[in-house]
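Peer 1: Sequence:
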Amino acid sequence: MNKISPDGDGQSRWRLSAFETGIVWDVAGEDRLPHADHLEMSGRRLSVIVRYSVDTRRRLTVSREVIWPALRVREGDVRGFLRREYGDEVLPTFAVDGRSVSLGPVQKITIAGGAIRFLFEPVAGLGVTRTLFPSRTKGCLLENWTLTNGGNAPLTVIATLPGSRERTTGVYGDYLLEQRMAGSAQGTIDAGKQHVFPVVFAASRASDTEMSLQGEAEEEARAEFAGRMASASEHLCLTTPDPIFNTAFAFAKLRAAESLFDTQMGLVHSPGGGRYYGGVWANDQAEYSGPFFAFLNDERTDEAALTAYRNFAGYTNPAYDALPTSLEAEGTILIHAGGDRGDAAMIAGGASRYALTRGDRAIAEELWPLVQWCLEFCRRQTNTSGVVESDTDELEGRFPTGTANLSTSCLAYDGLRRGADLAHALGKTEEGHAYARRADALSLAIERYFGATVEGFSTYRYYDGNATLRSWICLPLVFDLAHREKRKQGTIAALFSPRLWTPDGLATEAGDTVFWDRSTLYALRGVFRAGATETAFAFLKGYTHRRLLGEHVPYPVEAHPEGGQAHLSAESALYCRIFLEGLLGITPIGLRSFTLAPYLPAAWPDLRLQMTAFGHRLTITVSREGEGRLHVVVLAEAETVLDTTGADGTIHSVVIP
6 MNKISPDGDG QSRWRLSAFE TGIVWDVAGE DRLPHADHLE MSGRRLSVIV RYSVDTRRRL
66 TVSREVIWPA LRVREGDVRG FLRREYGDEV LPTFAVDGRS VSLGPVQKIT IAGGAIRFLF
126 EPVAGLGVTR TLFPSRTKGC LLENWTLTNG GNAPLTVIAT LPGSRERTTG VYGDYLLEQR
186 MAGSAQGTID AGKQHVFPVV FAASRASDTE MSLQGEAEEE ARAEFAGRMA SASEHLCLTT
246 PDPIFNTAFA FAKLRAAESL FDTQMGLVHS PGGGRYYGGV WANDQAEYSG PFFAFLNDER
306 TDEAALTAYR NFAGYTNPAY DALPTSLEAE GTILIHAGGD RGDAAMIAGG ASRYALTRGD
366 RAIAEELWPL VQWCLEFCRR QTNTSGVVES DTDELEGRFP TGTANLSTSC LAYDGLRRGA
426 DLAHALGKTE EGHAYARRAD ALSLAIERYF GATVEGFSTY RYYDGNATLR SWICLPLVFD
486 LAHREKRKQG TIAALFSPRL WTPDGLATEA GDTVFWDRST LYALRGVFRA GATETAFAFL
546 KGYTHRRLLG EHVPYPVEAH PEGGQAHLSA ESALYCRIFL EGLLGITPIG LRSFTLAPYL
606 PAAWPDLRLQ MTAFGHRLTI TVSREGEGRL HVVVLAEAET VLDTTGADGT IHSVVIP
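With this note's numbering applied, the sequence shown has no gaps in its numbers, which climb one by one up to 662 at the end.
Hints in this document: simulated from the structure, not taken from any laboratory. In this text, all values refer to a predicted model and were calculated from it rather than measured experimentally. Some hints here could point you the wrong way.
[What the hints assert, rightly or not] Using 30 Å as the maximum straight-line C-alpha spacing, the simulated DSSO-like pairs for lysine-lysine come out as follows:
1. Lys491 - Lys433
2. Lys113 - Lys143
3. Lys546 - Lys433
4. Lys546 - Lys113
5. Lys433 - Lys493
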């Protein structure tokens with residue numbers, strides 16, 4: 006496995022669009038054809054995976070795989086969603102001034118405003134753009150066709166698409182599926198003017214009233230949501246000197262926030278990827294996305310985060326039997342994939358971080374019993390060596406984990422640290438001190454049990470008997486374990502060595518080609534927190550370039566080869582957390598307090614983060630002031646709560662009155 010340049014492979018297929026609101030592939034000037042890719046987009050009632058390819062003649066092929074999570078077709082089947090794939094057999098035909106015309110070669114593809122657009126070379130004076138996007142709230146995929154008269158005389162255009170209707174039976178009775186045009190598909194287009202008509206792919210229960218749709222209004226609603234998530238300062242806005250990072254951060258926010266689905270268990274955030282819908286997972290939702298949503302200040306994502314925590318809390322029990330890995334099929338099926346994966350440790354840290362960052366005492370009080378239960382479960386799983394045992398980890402046995410693995414113990418450590426902070430915030434001093442003592446003991450036990458020289462690097466073994474480097478050796482860096490200084494340099498060297506680092510980030514295990522983006526995203530956060538700013542920045546730059554502008558865009562992915570590099574939603578939340586918790590070193594310690602340990606790459610003179618957290622609207626500005634010195638200002642509303650100067654990585658305590 007060859008090491009790559011941290012700056013990426015230098016191959017950009019895409020570029021930033023004007024005003025940095027999206028990305029563009031200029032197909033007309035492309036000589037690297039054929040090319041194919043896919044991306045996922047989600048609304049409250051469906052998700053769509055758009056697969057597209059362009060051949061050597063620039064002819065476009067598109068398929069749309071549409072999944073309706075709440076329209077289940079098989080009882081007891083966690084993947085039994087209603088789904089259909091629509092290819093180019095569902096395509097309108099056109100006549101211009103009475104003559105049939107075919108679509109020209111594709112000229113340009115853009116991804117922006119929560120939609121993907123295909124622009125074609127004009128034919129017979131008619132320019133055509135296809136815009137695909139899911140409805141925000143309805144169970145339909147829309148494909149808006151924009152016809153533009155680029156000539157000097159009016160054009161009479163007729164578009165034809167034979168509609169179809171299908172009736173099928175599922176768990177909730179009969180479902181209706183249809184493909185049809187909505188609105189007028191014929192008329193005269195004056196010179197320089199446009200006409201838009203949507204093609205609709207819809208499904209609903211037969212008992213539901215017929216959907217009322219206006220294609221342009223639906224596109225505007227989708228664009229408003231995407232724009233708000235991307236740039237509105239009240240929803241978390243990162244501004245750096247590099248527009249590529251700003252755009253990647255905005256894209257990741259959208260993918261994290263859009264994957265919300267209405268279910269019987271409430272509004273849920275689900276991973277997606279063609280497989281994971283209508284449920285919640287201890288890692289994806291409780292550990293990855295939940296803490297991020299506390300920074301996002303969006304009513305719907307907060308609702309979804311609380312749905313996950315509340316539903317997991319419903320399965321705590323006095324016998325301390327393991328919690329489910331996931332609650333699927335709208336919460337009707339409990340899954341214990343791979344046994345206990347350390348799920349209680351995942352939830353303890355995630356719920357504590359979410360409660361602290363939200364800064365809402367009522368929510369903190371509500372989640373406190375869940376945190377308590379999870380930390381007690383971890384105590385009961387502690388072995389005689391002082392580390393926390395679990396059957397597997399989040400990869401559910403895909404790779405060996407032994408009886409106790411580094412991931413579960415590190416997550417338990419974070420749960421104890423943040424649980425101690427939450428206890429103190431709620432006035433539960435005795436529990437807070439007890440959790441802090443347990444965290445200290447677990448830190449020492451992790452060093453004794455997992456600290457090792459592996460493949461020549463002073464780092465960590467993943468389990469007793471493990472002799473091969475694993476990607477999760479990054480976790481002690483992420484969670485500021487007290488002994489990390491002893492193994493910091495060796496761990497960083499191992500992570501970025503040819504044994505682990507690949508063109509797509511970290512391999513799960515040295516010498517293998519399997520990768521899961523989640524470990525790369527954690528590692529980049531951890532290396533920033535460990536103070537290796539330039540190293541972390543160089544590899545983050547390469548990763549960001551590849552995911553945003555490379556061959557498979559525009560989001561972080563789940564894994565390879567499993568899932569075909571699906572655009573799982575929570576990985577995008579982890580990408581954003583690199584900047585929040587890695588580069589800026591934000592750590593919640595109270596309902597109105599946090600620590601800040603910012604690092605600034607040498608190439609950047611400053612950065613700014615706007616967010617709503619800890620009960621206030623906050624603006625954090627970091628700017629360079631002399632060699633190795635950073636000026637840090639924190640505003641709560643319009644009041645200055647911190648204005649200080651210190652070295653890179655200096656830990657600043659921020660207390661908001």
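Peer 1: For each hint, tell me whether it holds in the structure or not.
Peer 2: Hint check:
The hinted pair formed by Lys491 and Lys433 fails the criterion: a straight-line CA distance of about 33 Å is larger than 30 Å. For the hint pairing Lys113 with Lys143, the CA-to-CA distance comes to about 29 Å; that is within 30 Å, so the pair holds. At most 30 Å may separate the alpha-carbon atoms for a hinted pair to count; Lys546 and Lys433 exceed this at roughly 43 Å. Using a Cα cut-off of 30 Å, the hinted pair Lys546 and Lys113 holds, with the two alpha carbons roughly 26 Å apart.
Between the alpha carbons of Lys433 and Lys493 the distance comes to roughly 34 Å, so the proposed pair goes past 30 Å and is violated.
The structure does not agree with the numbered hints 1, 3, 5 stated previously, though it agrees with the rest.
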